[in-house]
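Student: Going by the numbering used here, the sequence shown opens with residue 13, and the numbers climb by one from there.
In case anyone wonders, no lab produced these hints; they're calculated from the structure. Small disclaimer: the values here were computed from a predicted structure and weren't measured. There's no promise every hint is true.
[Unchecked claim] Below 20 Å or equal to it, Euclidean Cα-Cα: the simulated SDA-like pairs (lysine to any residue) are:
no. : residue 1 : residue 2
1   : 112       : 41
2   : 112       : 133
3   : 112       : 75
4   : 112       : 86
5   : 112       : 39
6   : 112       : 76
7   : 112       : 78
8   : 18        : 31
9   : 112       : 88
10  : 112       : 81
11  : 112       : 83
12  : 18        : 35
13  : 112       : 42
14  : 112       : 84
15  : 112       : 92
16  : 18        : 32
17  : 18        : 28
18  : 18        : 34
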Amino acid sequence: SAIVAKPPNTAVGDDTMTVTFLAAAVGVRQVGGLWVEVGTISTQKCIYSSKKCPGSGLPGKKWQQIAFAHEFPAPPAFLTSVQTLNNAETWLTVGVNSVKTNEAWVSLERAETTSYGQVNQDEVV
Numbered sequence: 013s014a015i016v017a018k019p020p021n022t023a024v025g026d027d028t029m030t031v032t033f034l035a036a037a038v039g040v041r042q043v044g045g046l047w048v049e050v051g052t053i054s055t056q057k058c059i060y061s062s063k064k065c066p067g068s069g070l071p072g073k074k075w076q077q078i079a080f081a082h083e084f085p086a087p088p089a090f091l092t093s094v095q096t097l098n099n100a101e102t103w104l105t106v107g108v109n110s111v112k113t114n115e116a117w118v119s120l121e122r123a124e125t126t127s128y129g130q131v132n133q134d135e136v137v
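Can you build the whole structure from these sequences, using the hints too?
Tutor: Written out as structure tokens, the structure is:
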């Protein structure tokens with residue numbers, strides 16, 4: 013089941029609200045008739061256009077495959093976020109490519125920050 017966690021004795025209502033973050037346990041479950049799959053991977057693979065990530069080569073050449081435990085009837089909504097800060101001097105987001113019913117591909121994305129820091133440790137996505 014899904015709940016909205018709110019402090020006790022507050023005036024926060026149960027109406028429609030904006031969600032700024034989502035927390036869920038790892039696994040596959042059905043919530044409100046929709047299938048939800050939650051998981052993590054560790055990767056150093058990144059996309060960028062400089063030599064700061066050792067061995068990465070050209071942009072778009074380093075993607076990490078994620079195989080879903082549940083095959084969806086159509087390509088699902090796919091939410092990602094970097095969960096660790098192991099390469100503290102490098103700004104990272106997650107690039108997503110080719111979301112299908114049974115898999116997706118992700119990469120650490122350095123945007124225009126290749127002049128600062130290196131990706132030499134895994135990050136959890």
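Student: The structure should be examined with respect to each hint, and the outcome stated for every one.
Tutor: How the hints compare with the structure:
The suggested pairing of residue 112 with residue 41 holds, with an alpha-carbon distance near 19 Å, which does not exceed 20 Å. Of the pairs offered as hints, the one joining residue 112 and residue 133 is violated, with about 28 Å between alpha carbons and a cut-off of 20 Å exceeded. Distance hint between residue 112 and residue 75 is fulfilled; the C-alpha atoms sit about 15 Å from each other, no more than 20 Å. Distance restraint check for residue 112 and residue 86: the Cα-Cα separation of roughly 7 Å lies within the 20 Å cut-off, and the hinted pair is therefore satisfied.
As the CA atoms of residue 112 and residue 39 are separated by approximately 18 Å, the hinted pair is consistent with the 20 Å bound. Among the hinted pairs, residue 112 with residue 76 is consistent with the structure: their alpha-carbon atoms are about 14 Å apart, no more than 20 Å. Using a Cα cut-off of 20 Å, the hinted pair residue 112 and residue 78 holds, with the two alpha carbons roughly 10 Å apart. The hinted pair formed by residue 18 and residue 31 meets the criterion: a straight-line CA distance of about 12 Å does not exceed 20 Å.
Restraint check for residue 112 and residue 88: the C-alpha separation of about 7 Å stays at or below 20 Å, so the hint holds. At most 20 Å may separate the alpha-carbon atoms for a hinted pair to count; residue 112 and residue 81 meet this at roughly 13 Å. Restraint check for residue 112 and residue 83: the C-alpha separation of about 9 Å stays at or below 20 Å, so the hint holds. Taking the CA atoms of residue 18 and residue 35, the gap is about 14 Å. The hint holds against a cut of 20 Å.
Of the supplied pair hints, the one linking residue 112 and residue 42 holds, its CA atoms being roughly 19 Å apart against a limit of 20 Å. Under the criterion of a C-alpha separation no larger than 20 Å, the hint pairing residue 112 with residue 84 is consistent with the structure, at around 8 Å. With a C-alpha separation of about 15 Å, the suggested pair residue 112 and residue 92 falls inside the 20 Å cut-off, and the hint holds. A hinted pair counts as satisfied when its Cα atoms are at most 20 Å apart, and residue 18 with residue 32 qualifies at roughly 13 Å.
Distance hint between residue 18 and residue 28 is fulfilled; the C-alpha atoms sit about 14 Å from each other, no more than 20 Å. Annotation: proposed proximity of residue 18 to residue 34 holds, straight-line Cα distance about 13 Å (limit 20 Å).
In summary, the one numbered hint that this structure violates is 2.
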